[in-house]
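Student: If you want the building blocks of each chain, they are given just below.
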Amino acid sequence: MKYSLTRTIVIAVALALGVAACGAEDSATTTTAPAESTTTAAGATTTAAGATTTAGGENTATGDPIVFGMIEDTSGGASAYSLVQSIGIELAIDEINAAGGILGRPVELIRENDQNESSQTPTLTRRLIEQGAHVILMNSGSASAIAAKPVCQEGIVCLAPGNVSPGIVTPPDADFSYTIAPPSTAMGAAYAGGMPAAGVQRLALISDDSPTMEGFNDFFVPIVEEAGIEIVALEIVPLNASDASAQIARIADTDPDALMVSSLGGQTEILMHSTAALQMPDVPRYTIASIGNQPESWSLASPGVLEGTVFLGTIDSTNPRTQQLEQKLMDRLGDDFVATTGYHAQGYTSIQILKLAIENAGGTDDLVAINDAFEAITDFSPYYGQEQFTLSFGPDKHAGADGDCGIVLAVFGADNQPAGPWDVFQTSC
Amino acid sequence: MSDHLDTTTAEAASRPATTAGPGRRGPVLEVFGTLALGVVAFLFVGDSPFRQDLAVLTATYALLALGMYIPFIMSGGLSLAYNAYLGAGAYAVAIVGTRTEMSTVLAIPIGMAVSATIAVILGLATRRLSGFYLAGVTLLFGLAFETFLSDADPITGGAAGIPGIPQTEVFGVILTRPTIVAISILSVWVFGVLLSRLRRSPYGVAVRAKRKVPEAVEASGISVPLLVLVALGLGAGVASIGGSLYAMMNGQILPETFTLSVVFLAVFMPLLGGRQSPWGAVLGAVLVVIFTFGLTLFRSTGSLVFAVAVLLVLRLAPNGLLGFVTALAGRLSRRMSGASL
Amino acid sequence: MPPPQLWISVFELGCFAGLVGLGYFLILRGAGLFMFALGPLAMFSAMLGSWLLVEYELPLVVPVLAGIVCVVLFAALVEVLIVRPIQERAGGEELPAIVAVVAVLFATQQLAGTLFGRRPLPGRPWITAGPFRLGDVVISGQAVVLGVVTIVVYGAMMLWMSRSHYGRMLRAVGDNQRAAHTLGLPVSNIRIVAFALAGGVAALAGSLFSAKAGVAFQSGLSWTVAGFLALIVGGLGRVWAPLVGGLLVATMQTMAVFYFGPAMLNYATFVMAFLFFMFRPKGIFAPRVRI
Chain A
441 MKYSLTRTIV IAVALALGVA ACGAEDSATT TTAPAESTTT AAGATTTAAG ATTTAGGENT
501 ATGDPIVFGM IEDTSGGASA YSLVQSIGIE LAIDEINAAG GILGRPVELI RENDQNESSQ
561 TPTLTRRLIE QGAHVILMNS GSASAIAAKP VCQEGIVCLA PGNVSPGIVT PPDADFSYTI
621 APPSTAMGAA YAGGMPAAGV QRLALISDDS PTMEGFNDFF VPIVEEAGIE IVALEIVPLN
681 ASDASAQIAR IADTDPDALM VSSLGGQTEI LMHSTAALQM PDVPRYTIAS IGNQPESWSL
741 ASPGVLEGTV FLGTIDSTNP RTQQLEQKLM DRLGDDFVAT TGYHAQGYTS IQILKLAIEN
801 AGGTDDLVAI NDAFEAITDF SPYYGQEQFT LSFGPDKHAG ADGDCGIVLA VFGADNQPAG
861 PWDVFQTSC
Chain B
-8 MSDHLDTTTA EAASRPATTA GPGRRGPVLE VFGTLALGVV AFLFVGDSPF RQDLAVLTAT
52 YALLALGMYI PFIMSGGLSL AYNAYLGAGA YAVAIVGTRT EMSTVLAIPI GMAVSATIAV
112 ILGLATRRLS GFYLAGVTLL FGLAFETFLS DADPITGGAA GIPGIPQTEV FGVILTRPTI
172 VAISILSVWV FGVLLSRLRR SPYGVAVRAK RKVPEAVEAS GISVPLLVLV ALGLGAGVAS
232 IGGSLYAMMN GQILPETFTL SVVFLAVFMP LLGGRQSPWG AVLGAVLVVI FTFGLTLFRS
292 TGSLVFAVAV LLVLRLAPNG LLGFVTALAG RLSRRMSGAS L
Chain C
2 MPPPQLWISV FELGCFAGLV GLGYFLILRG AGLFMFALGP LAMFSAMLGS WLLVEYELPL
62 VVPVLAGIVC VVLFAALVEV LIVRPIQERA GGEELPAIVA VVAVLFATQQ LAGTLFGRRP
122 LPGRPWITAG PFRLGDVVIS GQAVVLGVVT IVVYGAMMLW MSRSHYGRML RAVGDNQRAA
182 HTLGLPVSNI RIVAFALAGG VAALAGSLFS AKAGVAFQSG LSWTVAGFLA LIVGGLGRVW
242 APLVGGLLVA TMQTMAVFYF GPAMLNYATF VMAFLFFMFR PKGIFAPRVR I
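Chains A, B and C are the protein sequences, given in the same order. Sequential numbering from 441 applies to the first sequence in the numbering used here. Sequential numbering from -8 applies to the second sequence in the numbering used here. Sequential numbering from 2 applies to the third sequence in the numbering used here.
Everything labelled a hint here was simulated from the structure, so no lab data went into it. Keep in mind that this is a model prediction, so the values were computed, not measured. Watch out, some of these pointers could steer you wrong.
Unchecked claim - Stretches of chain A that chain C covers, calculated by requiring three or more beta carbons in the stretch to come under 8 Å of a beta carbon on chain C:
#, stretch
1, 684 to 695
2, 706 to 712
3, 837 to 849
To be verified - Beyond 10 Å from chain B on every Cβ pair, some chain C residues (computed):
#, residue
4, Pro3
5, Trp52
6, Glu58
7, Leu66
8, Leu82
9, Leu112
10, Gly114
11, Arg125
12, Pro132
13, Arg179
14, Trp241
15, Tyr268
16, Ala274
For every residue, glycine included, the Cβ atom is placed at its ideal position computed from N, Cα and C.
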């Protein structure tokens, strides 16, 4: 009696697992944000149900698909930006397919979710390669992009649309890795210019303990110090901590002119802002690029907490290409559209650059040739940054940003939403 | 030690095997059968870099599970600091590889020594308390270790970990990826066989008896606390080897690999595979890797499936898959030989 | 001298750890085991409540109650379906129960992560009053609520254990389950009551505390540790001992972070537990009757 029950249950569970295994045994996953994205299944050339093609378009591309492999994070610490970048990426791919693909071949997206656990990224990247990827999009955390470098070095282009860590493009193993977002140095320059302009001389820094932020802080601090600003405190709040009072109390003790919040964003950053707003309401706050680009984080803060906080945005609404992208996003997302963020634009731009590189290389037969073609791209106009901002690459230049004008300093309003450009300072190219 | 095992082999061979199977041939079949499986696994992995990664990961998990198996199954203690033992082995390789001139092979015994010491100290602190205290103090140590890895930059490289571990060199020969795969599979096999023999040796019997009748064990002159400490130390050492192999294969390590979620897998794997034999732990490891990497369905649910499976196994199939299969085989063979139930 | 503001943090964390510790106390008395899964249960209540709030925009009282009720039921189910059968089958051995509890801990975490997502969710204060300024010190409205609820819950529990039928039986069962059974006490019911009450207390604590900084699916781990240590330090002998223990643990943790940085929190917590296990495992207010 007891054994029969056991046996039945175990067999039933095993069968269920087997069915699930057969059904899910491809790397195209179901883990995408609902209503906003499309999935393309490995092995198929048509896209899944949903808004797949732009208005009136037909999929006219034929031939062997060009496979874009993507490492993403749909559920972990980097999902705040990964999911948004995916929207831009999918928009671009659908547009390209509707217009005939690349070199007449359709583009297919295959994905693996590394949950921002960079120790899994190399294995998952190898899996994408094994499933036929011709290029890799690193749409997760900076640490993931760095961890994957040795795999990319074996001969496949890896482009990180949203990461800024210089570690991605510095040796060793950096010959095939690229970034296009305004780098930490540009962020440093923005504040090295902006903070003195606002009269800040004593700066306190509060950060989370993620590897990405640790790397960023290592670069950011010397740049700001060189501009004559004294760092009077550096406090760490662990990701998902319940309390930041001790850290804020220590910072308040040092009497800074301003507080810089350096975080991946999300709840942890909101905690830092909320605690600071409570305990040091008169100290102006500056933050980096994350929270300004995370609409879903804005509502996590109590009203007014973010007011006056200056952040490093990358969206300038006077840039005509940004305006074009905004229109396409509004068409695609309809009621779900909240704002155009740097992440949308970086995702979208990354596909356009990869398309150009593949076209210039003449196809996907030689993956190293795609790399050579990528390195030869100069003066590419992206869909974010100030109007005159361009991207260029070279054998020694794998961080595409030309100059610092990819950064647009902006300010939060009383409703915890971006209110517009900062009127004190803007970078120049 | 080896003399001891040799004499017991003859005795063990003449006693009916404790796992199902033909009495006299059991141990020999086990040894060669599992070796054959290991060879098949190696051939299956072949050239594919992805499968090579998975194979070493499986071996790492298997050694972790085997390390958990010793104290957990045999002497009844649940230690939860296994992320620390795994991490000690991995970071030993990384530190030795990137900061000294020594071959990373030498890091393996260093990692083992560190892990065993930690395990013994934690065991000493709670030796007179109920098993819950051991679980509690090891859980806290595991948490502290997680923090240590991210925090102690000068030693551990902080949150960014330690990249660029050079390839392992033994007597001038560089170990290639396929070689490390082979060594990993071999290590799992060796420890599986050793633990299986140990389990059937007088020491093993004493350790298992301690769970049920500690007074009897004490009365026969074996010190129970000492037994527990030895089991804890051994378990930590074996897990540490798994960590070392992982670091050698990947060439870089990060703190987020060594969090408490790894501990949960370490508890789960022997349970799922089966407690009657160390091979259950290995089977559990194989299943965990297949489920996490091979089936994308499980990627977004994380280890929820495992967590639920643990509870199901605990309640319904306490001897895990191997136990279930052997029970089934036993019933089938009884049916076939005409015995009525 | 640490800034006065920190003592408010100590108070909040101490009340929280004290409540979770009370849950540990109840289950230890009722079933003779340390329910390591209480932290994740508190987390689950907070996450369920927060998720309902974000998804459906209901008035606050509904998600909070839903979270508490759900976890109370969950705790009772865990006792009936998992802990009791495993303890019965194991006879005198502890190990299966320990494994089961640890498994429930991780299972609850993963269930929350799957259902509510792996990113943190915000908490919501129960009252809009505050923050109150007292000289240099800022006290949020939620801190006041947490303090009041802690005192009320502890008071109620002490009354219940000394006056009510089931409360007194709970004390008896904890001392010796077999004897209680022999005497004809309804041990199974008492156990369920203990688990349900513990779940309720933990759920309440989780909902209240999450207003401070939100809650993520992994928050339960440090919460469970805090509650466990609150009980161990305070002592296994008195109902109100976990509150004392909680405040002591909170003081140690907050000051450690203030003086030495955030990493010291986990180091110091480990050392505190280690020392207590080695030298005073029954806590400051040790029981006079053997458990």
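Student: Work down the list of hints and note, for each, if the structure agrees.
Tutor: Each hint, compared with the structure:
1. 684 to 695: holds (count 8)
2. 706 to 712: Holds, because 5 residues of the stretch 706 to 712 of chain A bring their Cβ atoms closer than 8 Å to Cβ atoms of chain C.
3. 837 to 849: Since three or more residues must qualify, the claim that chain C covers the stretch 837 to 849 of chain A is violated, with 0 doing so at under 8 Å.
4. Pro3: holds, 21 Å
5. Trp52: holds, 16 Å
6. Glu58: Glu58(C) clear of chain B: closest Cβ-Cβ about 26 Å, beyond 10 Å.
7. Leu66: It holds; Leu66(C) is separated from chain B by about 26 Å at its closest Cβ, greater than 10 Å.
8. Leu82: violated, 7 Å
9. Leu112: violated, 6 Å
10. Gly114: Given that some Cβ of chain B is not farther than 10 Å from that of Gly114(C), nearest at about 6 Å, it is violated.
11. Arg125: holds, 26 Å
12. Pro132: Non-interface label on Pro132(C) holds, nearest chain B Cβ at 31 Å vs cutoff 10 Å.
13. Arg179: Non-interface label on Arg179(C) holds, nearest chain B Cβ at 16 Å vs cutoff 10 Å.
14. Trp241: holds, 22 Å
15. Tyr268: violated, 5 Å
16. Ala274: Violated, because the least Cβ-Cβ distance between Ala274(C) and chain B comes to about 5 Å, which does not exceed 10 Å.
Hints 3, 8, 9, 10, 15 and 16 from the list above are not met by this structure, while the remaining hints are.
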